[in-house]
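Asker: Sequence:
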Amino acid sequence: MKRTATIVNHRSGGWARYASQITRLARQGNSPIINTGGDAPLAELLCHAIDDGCERLIVAGGDGSISRIVNVLAPDFSRVELAILPLGTGNDFSRSIGVIGDPLAAAWEIAVEASATPLDVVRVNRGSDSYFVNAATGGFGGKVSTDVRDVDKQRWGSVAYWMTAFAKLGDVASYEIRLELDHDSISVKLFSVAITNGRYVGGGFPIAPAAFVNDGLLNVTLIPELPPLELLAAGVDFTLGRNQTTNPAKTFQTTRLRIHSEPDMPFSLDGEPTCAIDADFEVLPGVLSVACGPHPAAVQ
57 MKRTATIVNH RSGGWARYAS QITRLARQGN SPIINTGGDA PLAELLCHAI
107 DDGCERLIVA GGDGSISRIV NVLAPDFSRV ELAILPLGTG NDFSRSIGVI
157 GDPLAAAWEI AVEASATPLD VVRVNRGSDS YFVNAATGGF GGKVSTDVRD
207 VDKQRWGSVA YWMTAFAKLG DVASYEIRLE LDHDSISVKL FSVAITNGRY
257 VGGGFPIAPA AFVNDGLLNV TLIPELPPLE LLAAGVDFTL GRNQTTNPAK
307 TFQTTRLRIH SEPDMPFSLD GEPTCAIDAD FEVLPGVLSV ACGPHPAAVQ
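Take 57 as the starting number for the sequence shown in this note's numbering and just add one per residue.
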């Protein structure tokens, strides 16, 4: 069994609910708890854990927590394996790798006992490099991720994303974008774009139903200009898997992508708001080893 350490944020909303159970499981598994809610930089905490012999880092949190860990490990992702206790609001990456909807004890068992699978990471360059494991959403989708309130996440869970989306339907902006793919270029006017490694965004919305997190490909989904009610209806159809052949969304796969937008398009990376970007995206195949569940939705 791998030597583990468990990383938590004592200031997060999820910690109060699960603190006693995580503490008990970590103690039983001889897994030291690392608290990221203090003053020590995250990079320093991770280096100490790895120097102390940690082979697998158990991340208690959601997509944003995983993304922060990945960006600290970069570019040498091989220093430690990752496992996940899905305590976030959306838990979209966890959903793709089959660690979702189970009691915490079951997720812990996967975290400490499952073998690790090499998964892809996406590098984003906009002058300097950053990384994500699940999705970058821009335009309307990026605005929803940015504007959804923490208090609503705590109260409503993943439904908060739908509530925010509905509230923003009357204020949807359009963007002229140019995409440069592996073997093509596209210019289009649209409301939203999703550039994904995983299959889900917004707490289980299947934005890229055919995506796999270890296929070496980016999935690009374009949401064109639509009247607000048609936009909402398309989202519901997408979620329920209906009318896929007539759905107005367009999807592409590529290993590299360059995107330019007029006007600047708001983005979020793994649910974390970032500045509006013109950027290059590139898949780094199989660089991050992660413990997956027994029936992952998006692992080949």
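Certain hints may be false.
Derived EDC-like pairs: lysine to aspartate or glutamate, alpha-carbon spacing no greater than 16 Å straight-line [said to hold, decoys possible]: (1) K306 to E338; (2) K58 to E232; (3) K245 to D271; (4) K58 to D107; (5) K245 to E165; (6) K245 to E318; (7) K245 to D320; (8) K58 to E165; (9) K245 to E232; (10) K58 to E111; (11) K58 to D108.
Calculated from the structure, these hints are not laboratory results.
Asker: Which of the listed hints are broken here?
Answerer: 1, 2, 3 and 5
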